[in-house]
Structure formats: C-alpha cells, structure tokens
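Participant: All chains, please: the whole structure from these sequences, using the hints.
Number of protein chains: 2
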Amino acid sequence: MSKIPVLEIFGPTIQGEGMVVGRKTMFVRTAGCDYSCAWCDSAFTWDGSAKDEIVKMESDEIFTKLKEIGGNQFDHVTVSGGNPPALLKHLDGLIHLLHEHNMEVALETQGSRWQEWFLDVDDLTLSPKPPSSKMKTNWTILDEIIDLLIINNRLAHTSLKIVVFDEKDLQYAEKVHQRYPAVPFFLQVGNDDLQENQPSHLAGHLLEKYEWLIDKVMSNSQLNHVRVLPQVHALVWGGNKRGGFDYVNPPLIS
Amino acid sequence: MSKIPVLEIFGPTIQGEGMVVGRKTMFVRTAGCDYSCAWCDSAFTWDGSAKDEIVKMESDEIFTKLKEIGGNQFDHVTVSGGNPPALLKHLDGLIHLLHEHNMEVALETQGSRWQEWFLDVDDLTLSPKPPSSKMKTNWTILDEIIDLLIINNRLAHTSLKIVVFDEKDLQYAEKVHQRYPAVPFFLQVGNDDLQENQPSHLAGHLLEKYEWLIDKVMSNSQLNHVRVLPQVHALVWGGNKRGGFDYVNPPLIS
Ligand code: SF4
Ligand code: SF4
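Just so you know, the sequences run in chain order A and B. Using full-length UniProt numbering, the letters of the first sequence map in sequence onto residues 1 to 254. Using full-length UniProt numbering, the letters of the second sequence map in sequence onto residues 1 to 254.
It is worth saying that the hints were derived from the structure and are not from the lab. Just so you know, these numbers come straight off a predicted model, no measurement behind them. Since no wrong hints were added, every one of them can be taken at face value.
It does not matter which identical chain is used: a pair holds within one copy or between any two.
Derived BS3-like pairs (lysine-lysine); straight-line CA-CA distance at most 27 angstroms:
(1) K65 x K216
(2) K216 x K175
(3) K67 x K216
(4) K67 x K175
Facilitator: Encoded structure:
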C-alpha cells in the first residue's frame with residue numbers, strides 16, 4: 001500500500017462547481033501539483049507553505065476520518081488537490097473502499113498525467129488550464145487521456161471544464177471544445193480576487209464577471225453545446241478555497 | 001396538427017436551475033397551468049393577465065421563430081410554462097422537429113399529468129410542489145409518471161426538483177426523495193421576493209437563503225444523494241421570470 005499525502009478532510013458541504021455542482025460531498029484534499037497556475041486558489045497544496053501539515057494516510061485511515069467527521073450524512077467524496085494524479089499511482093484502493101460503502105467519488109485534474117484509476121472515478125473533471133494560468137497544455141497527453149476514457153465508455157462520467165478570465169481564455173475554451181466535441185463541456189468564470197474573503201463584496205463582483213462570460217458564450221456559435229457556471233461556493237463563502245467553507249470550520253487532520 | 005399556445009420565445013440564454021443548470025438554451029414559454037402556486041414566478045402564463053399575448057403556433061412556426069431569434073447560436077430548447085403537459089397532448093411534433101435538427105429539448109412540470117411525449121424529452125424535470133405553494137400533490141399520478149419513466153429506461157434523462165422555502169417544505173422534500181430514491185434529486189432555494197427586480201439587492205438575500213438550505217441539507221442524513229442549487233439566473237438578473245433576462249430583451253412574439 002502506498003500512503004496518500006493529505007492536507008484537509010472536511011464536509012459535508014456542497015461541490016461548488018462543474019459537472020455535479022451542488023452535490024453534497026466530503027472533501028479530501030491531497031498535497032502536490034505539477035503545475036503552478038498564476039491564479040491557483042489552492043497554492044498551499046504545492047508552494048510549501050503548508051508542508052508541515054501534510055499527513056500521510058492509508059486508504060482505510062482516510063475512510064475512518066471521513067466517517068468520524070461526516071457521520072452518516074454523506075455518500076459522495078471529492079478527492080481534491082493540488083493535482084492528485086501527479087503523485088498518486090494508487091488511488092484505486094481508496095476509490096474501491098468508498099465504492100464498497102456505496103459512496104461515489106469525484107476528482108478534478110488538469111489532465112497532465114493519466115492514471116488507470118481514472119476509469120473508476122464517478123465524476124471525473126478534466127480542467128486543462130487556459131493562457132491566463134501561464135501554463136502550457138500538453139495536448140498529446142490530453143488526447144491520450146480522452147481517447148482512453150472514450151474507449152472505456154466513460155463519457156457519462158467525464159466532463160471538461162475551462163476556467164475563463166479573459167478573451168484569450170475564451171478562445172482556448174473554443175479550441176478545447178472543438179477538439180473534444182463528445183465530452184460534456186463546462187465554462188466557469190474565473191475568480192480574480194482571491195484575497196477578497198468578504199463574501200458580500202466578492203459575490204457582486206463575481207456575478208458581474210459571470211454575466212460577462214454568459215454574454216460572450218451566448219453570442220458565440222462555436223460554443224453551443226455547453227454549460228456556463230459560476231463557482232457557487234465562492235458566491236456564498238468567499239474566494240479562497242482554504243477556509244472558504246466557514247460554516248464547517250474545516251477540521252484539519254493532524 | 002394541434003397548435004401550441006405560445007407566450008414568449010427568447011434566447012439564447014442560460015438555464016438557471018436544475019439538472020442542466022448553466023446550459024445554453026432557447027426558451028419557448030407556453031400558456032396555461034392546472035396549478036396556482038402561492039409563489040408562482042410565472043403567474044402571467046395562467047392568471048389571464050397576458051391572455052391577449054398568446055399566439056397559437058404550429059411546431060414549424062415555432063422552429064422558424066427560434067432560428068430567426070437564435071440563429072446558429074443554440075442546440076438546446078427549453079419548453080417552459082406554465083405547465084405544458086396540462087394542455088399539450090401533442091408536443092411530440094415540436095420535439096421531433098428539434099431532434100431532427102440535432103437539438104436537445106428540456107421541460108419542467110410539476111407532475112400532475114402524464115403525456116406520452118415525456119419519453120422524448122432529453123432533460124425532464126419533475127418538480128412537485130411543496131406545502132408552501134398551497135397546492136396538493138397527487139401521489140397516484142406522480143407514482144405513475146415515475147414508474148413509466150423507469151420502465152422506459154429514462155432515468156438518465158429525468159430529475160426531481162423540490163423548491164424549498166421553509167422547514168415544512170424540507171420535510172416534503174425528504175418524503176419525495178425517500179419515495180423515489182432512484183431519481184436524481186435536486187433541492188432549490190425558493191425566491192420569496194418576486195417583486196425585487198434589483199439583482200444586486202436580491203442576490204445577497206438569495207445567497208443567505210441558499211446558505212440556510214445548504215446548512216439544513218448538510219446536517220440531514222435523509223438527504224445525502226442530493227444536489228442543492230440556487231437559481232443562478234435570479235442571482236444575475238433578478239427574480240421575476242418575465243423580463244428577468246434583461247440582456248436579451250425577451251422578444252415577445254406577436
Ligand atoms: S493545476 Fe490546479 S492545483 Fe495545480 S497550480 Fe493549477 S490551479 Fe493550482
Ligand atoms: S405549477 Fe409552476 S407555472 Fe403552475 S402555478 Fe405552480 S409554479 Fe406557477
């Protein structure tokens with residue numbers, strides 16, 4: 001068994017974005033990312049600032065902690081990062097354990113690395129990063145990942161999600177949608193104000209940006225089979241992922 | 001051919017709620033409802049106030065109008081009400097025409113009447129009304145509808161959505177979820193301030209109510225396999241459905 005580097009376990013709360021937006025879920029946040037996006041909202045998972053808080057845990061320890069915190073109030077677990085596939089060759093142990101207990105599993109990754117256990121994830125979001133992130137997409141790897149998901153009949157469990165901050169990001173989103181037309185496609189408004197943790201201030205700003213994105217997408221005939229969403233958790237609790245869920249007081253494991 | 005009583009055709013805009021929240025779509029709003037919910041946000045469809053604006057249209061006339069307004073910027077049409085199944089025995093003509101043009105079709109109904117063409121709807125939302133509506137659910141009919149959808153293998157195209165204003169509505173939601181555990185289940189925060197059309201005033205209020213609903217659902221072990229959503233269109237454009245989409249200036253047909 002290989003251990004999983006865990007930074008936070010908390011919930012239940014809602015999934016704030018993407019293909020299962022609103023889903024009641026627990027979060028397991030893992031450490032480590034192979035990217036360093038300009039606007040990363042969970043940079044503490046990879047920039048070293050929280051490295052003393054990382055706890056290496058076996059799957060069954062994670063499961064025990066989930067039950068301790070979430071009781072019988074959940075049946076869905078989101079494995080979050082960072083980018084879990086960057087480090088974790090063996091997340092299948094945790095996924096199977098959760099499945100045995102009739103729980104569903106969601107995971108998001110930028111699609112920089114394939115892992116076999118992607119085929120076991122119930123809600124898999126591929127979120128390649130647009131130009132504003134300052135990262136470069138490896139199209140060869142992304143092609144391979146999506147081919148493997150299609151060949152293995154996983155489309156109903158997969159989505160693409162592009163975060164959009166500006167016009168260039170929108171062009172990137174178009175390109176991704178055209179390249180993979182069969183994959184359910186989500187556009188998400190970017191949050192450019194990570195320091196603003198006053199939800200009431202942030203919400204108005206984010207809703208204006210959301211309206212901008214809606215306008216752009218509605219008038220674009222290359223973006224028809226799409227869904228456009230805000231981050232609803234940021235509207236309610238503010239922008240910074242860590243501590244964003246102030247009503248659950250994220251119990252850091254230690 | 002039987003004609004369809006149409007009140008509004010507009011879009012493209014986003015679907016603001018439910019199973020395909022965020023989906024780029026056109027709206028065809030039909031007249032007529034067999035209910036009169038206390039908090040109906042589209043009462044003009046059935047209270048007589050807009051009866052002079054109803055235009056009876058054939059399916060191909062509706063299709064022509066949709067293309068005229070939406071151009072090549074859509075591939076999804078939401079048939080809205082009122083309650084379309086209350087009057088329309090033959091919506092299949094319109095649905096098939098849209099399918100022939102590779103468009104998907106969504107429809108919401110409270111589930112007070114079965115129609116054969118439910119089996120052709122791509123995104124069918126059943127939204128039985130909770131106690132705060134002052135309406136009474138006919139469980140026999142709702143059971144029949146859901147049985148028929150399950151028998152015909154339509155679960156992937158179906159969802160239940162309960163609007164929640166208060167504790168009693170929440171108990172009602174629990175009951176519905178327990179009665180039909182196999183059907184994807186959505187909880188939606190109710191908008192109790194339909195007169196407030198200043199989006200900035202309304203959004204803060206709705207987000208508070210949304211947070212209340214999230215808290216309630218997170219601590220309720222009977223509501224695990226669920227999704228909790230706001231009405232995102234109301235956050236952006238305000239509460240009253242008619243004219244709520246102020247950026248498209250709904251072109252009333254006439
Ligand atoms: S891929 Fe995700 S976790 Fe990694 S740097 Fe980018 S936004 Fe942050
Ligand atoms: S069923 Fe819908 S349209 Fe009919 S009165 Fe109730 S809320 Fe209004």
